[in-house]
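S.K.: Assemble the complex: chain A is given as a structure, and chain B must be docked to it using the hints.
Top to bottom, those sequences are chains A and B.
Each residue of the first sequence is one higher than the one before, counting from 139 in the working numbering.
Each residue of the second sequence is one higher than the one before, counting from 139 in the working numbering.
Calculated directly from the structure, the hints in this document are not laboratory data.
Fair warning: there could be bad hints in the mix.
Since copy identity is lost for identical chains, a pair holds within one copy or between any two.
When the alpha-carbon atoms are kept at most 25 Å apart in a straight line, the in silico SDA-like pairs for lysine to any residue are as follows [what the hints assert, rightly or not]:
1) Lys296 - Ala478
2) Lys299 - Gly192
3) Lys299 - Pro189
4) Lys296 - Gly181
5) Lys296 - Ala172
6) Lys299 - Ser447
7) Lys299 - Ala171
8) Lys296 - Arg174
9) Lys296 - Glu466
10) Lys296 - Gln329
11) Lys296 - Arg191
12) Lys296 - Pro189
13) Lys299 - Glu175
14) Lys296 - Arg211
15) Lys299 - Ala248
16) Lys299 - Gly181
2 protein chains.
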Amino acid sequence: MSSPGNPPVTNNPRVSDLGERALIERIRRRVPAAPRELLVGIGDDAAVAVPDRGALQVLTTDALVEGIHFDRRFSTPSDIGFKALAVNVSDVASMGGAPRFALLSLMLPAGITQEDVDGLLDGLLELAGETRVHLAGGNITRSPGPLVVDVTVVGSVKPRKILTRSGARPGDVLYVTGMLGAAAAGLGWLQARADTPLRDSVIARPSDPAMADCVARYCRPGPRARIGALLGRTRAASACMDLSDGLADAVTQLAAASGTGATIDAALLPLHPAARDWFAAAGDDAVSACVAGGDDYELLFAVPRRTRSRLRGVIQESRGVSITRIGELTPGGSVALARAGRLETLPPGFVHF
Amino acid sequence: MSSPGNPPVTNNPRVSDLGERALIERIRRRVPAAPRELLVGIGDDAAVAVPDRGALQVLTTDALVEGIHFDRRFSTPSDIGFKALAVNVSDVASMGGAPRFALLSLMLPAGITQEDVDGLLDGLLELAGETRVHLAGGNITRSPGPLVVDVTVVGSVKPRKILTRSGARPGDVLYVTGMLGAAAAGLGWLQARADTPLRDSVIARPSDPAMADCVARYCRPGPRARIGALLGRTRAASACMDLSDGLADAVTQLAAASGTGATIDAALLPLHPAARDWFAAAGDDAVSACVAGGDDYELLFAVPRRTRSRLRGVIQESRGVSITRIGELTPGGSVALARAGRLETLPPGFVHF
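If we strip away everything but chain A, and leave its shape as in the complex, we get (with noise of 0.2 Å):
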C-alpha cells in the first residue's frame, strides 16, 4: 500500500484497472482448494457450506479501518490482511469454538495496487492457513475514503461447550494467556518514528528483537485460536472473553456479564518486559499502561476451582503460550487492581469513540 505521496509505480497496475471481476478471480486463484464441506465458495452470490454434525454456528465481523485500526506507514499490506482475519478468529476462541469459514469485504481506495491486495490476500491467507479457515466468499468495492477490510468468520462449537462472558462466579481463578501490554508498546515505538521521513512506505522494524516483538504483536497478532477451543472442548473454563480493547476492559466486562467484581493482582501480571521498559522509560506507570492497552488479543478466563484439574491439560497442550493467574472473581460488584498492599481502581480500557 502506498502512502499518501508516494505513487505506485507503472509495472504495479492499480486495482481500478483490472475491473472487479479480474480481482475476483484472481483472489480465486489464490485461495487453496475448498475442503469438501465448502459447497459453493467464492464467485457465486453466496458460498454455501456443511456445517459441522451436532455443532452450533458461532458467528463474529469485524472491521480494520484505515486511520482508525491501522496506518500505512506501521502496517504492511501482508500484515492488515494477517490481523484482519486475527481479531476475527480471536473473538471465535474465545468463545471456545473453532473458526471454519470467512468472508473477506474489501473496501479498496482508489490508488490501490494489484500488489497491495495480493499483499493482504498473503496475510489473511497465512493465518487462514494455520487456523485452518476457508475463505468462502466476500465482497469487493471501491472506497472514497479510507481502505477497509471487514471479515466475517463463521466457526463452530459444541452444544454446552460454549464460553460466554457471563458463565463465571466469585471465587472462579482469572487468567490471562501471553503478555499484557505488547501491542500498546508496539503502537507508541512506531507512532514515536510516524514525523521522521521515511525511506520507505512502511517504518523499518526495531533491531532490538524484544521490542521487535511487540511491534508485531501490534501489526500480526496471533490470535489464541487452539488455547480457546481446548477451554471450550475441555470445559476448564466458566467464562472468556478477548482482550482486543485491554485487559482492564475485558475484567471489567466479564465481572459485569457474570454479575461479580474483580481483584487483580498486580505482582502477578505478565507484563510484557519490553512493554513495560518502554512505558517506564516514557515515565508511564507501566503496570496502568499494560493493563489499559489494547490490541493484546489475549484471552481472559475464568476457573472454577472444580474444574483446576482441567487446565492443567490445557497449559500441557498450550504449545509454549503462557497462562498465568492474574486475580480472581469477587462476590462484590467491583473491579481493582490490588498493589503494593492497596487496592486501586483499574484504568479505563481502549475508547473507540
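M.R.: Here is chain B on its own, set in the frame of chain A:
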C-alpha cells in the same frame, strides 16, 4: 444523516458523545426478542446459533459505502439500513435459501447522530421483520471517511435445493421477477435534482406515483426472498442469480457459469413503464438503459422444460410479484438481445471499478 453544512441539532447528540458501549446497548434494546435458536446474541464476543436441522449454511456479505452506493441527499438513514440488509437477503434468495441471522458492521463518521443510527436500525429491522431475519451481532467503529454499512447474512438451504449460477443447460427458459430499469431511472431522477438547492437534507420524493416507485426501488429495494426460497424448495429452477448489477450482467454471468449462451427477447422484457418513459425522454434507448441499469435486485432464473409445471406453483405463490419469461439459454457461447428480428450484443452491466 445530516448533509455537509447541515450540522446536527443540539438535542440530537452525536454518536461520538454517546460512546460505543452505550450505542451497542441502545441497538440491543431495539432488537426484538431472540428466537430460541439464537443462544448468544448481541453483547458477547460472537453470536452462537443452532443451525436448522438437516440444512446447509448460506453465507454472504455486502457493504454499502457512502459516495459509492448511496448519497445522503437521496436516501434517508432508514433507506440505507433497509437496503444494506436487502442486498444480502437478495443474495441468499438467489441461492434458493432462507435468511436467518444478520451481523451489522457499522463504520460511523464523526458527525453522525443518534437519530441517524436509530434511522438506520429502523430500516434494517423493518426488513428483518418482513424476512424473519434476526440481528445477532456485529461491530461498531469510527470512520475517518464515509459512512459504511456492511452486513453479513447467514441463511439456510436444504441439500439438493441449492440454486447456483451454473446449473442451467441450453434450452432452459429464462425468467425474471418484477420490472426492469426502475432503480436506474430512480437514481437518474435523483441525480438530476442533486444540484438544485435543497431545503431538506433528503430530496423530496417525486409526486408522480410511477416515478416514486422507481425512486423507492433504488432507495429501498424489497428483495425477492419469498420467490427465491420457493424456487429452491420446489426445485423449479436450474440456476438463479440476482440483478444487483443489472439484467445484462446477470444473463452474461449465468450463461458463462452454466457454459451456455443466451438470447433475450426485447419484446418480452418487463420494463418499468416510468423507467421506459424516463430514459426515452432523455433520448436514450430505453431497452438498453433498463437492461444495463444496476440495483434492481430482481431474480433471474432458468427453468428446464421438465420443471415448468413446478414454476406454475411458484407463480401462484408469488403474491403479486410478476414473473416474466424473457428468453432462453442457447448451445453457443454468445449472449444476445433479439430485437425487431435482429440479434444485438447485450450492453455491459454496471461496472464497479
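S.K.: Run every hint past the structure and note whether it holds.
M.R.: Tested hints:
1. Lys296 - Ala478: Neither: 43 Å inside a chain and 61 Å across chains, both beyond 25 Å.
2. Lys299 - Gly192: So lysine 299 and glycine 192 pass the 25 Å test inside a copy (12 Å) and across (21 Å) alike.
3. Lys299 - Pro189: This pair counts as both: shortest intra-copy Cα distance 17 Å, inter-copy 16 Å.
4. Lys296 - Gly181: So lysine 296 and glycine 181 pass the 25 Å test across copies only (20 Å; inside, 30 Å).
5. Lys296 - Ala172: Close inside one copy (23 Å) and across copies (20 Å); limit 25 Å.
6. Lys299 - Ser447: within (17 Å within a copy, 47 Å between copies)
7. Lys299 - Ala171: Only across copies: lysine 299 and alanine 171 sit 24 Å apart there, 30 Å inside one copy, limit 25 Å.
8. Lys296 - Arg174: both (20 Å within a copy, 17 Å between copies)
9. Lys296 - Glu466: neither (27 Å within a copy, 47 Å between copies)
10. Lys296 - Gln329: neither (42 Å within a copy, 52 Å between copies)
11. Lys296 - Arg191: both (9 Å within a copy, 15 Å between copies)
12. Lys296 - Pro189: both (12 Å within a copy, 12 Å between copies)
13. Lys299 - Glu175: both (22 Å within a copy, 16 Å between copies)
14. Lys296 - Arg211: neither (42 Å within a copy, 47 Å between copies)
15. Lys299 - Ala248: So lysine 299 and alanine 248 fail the 25 Å test inside a copy (45 Å) and across (40 Å) alike.
16. Lys299 - Gly181: Answer is between: at 18 Å across copies they meet the 25 Å cutoff, but 34 Å inside does not.
When held up to the earlier numbered hints, the structure conflicts with 1, 9, 10, 14 and 15 and fits the remainder.
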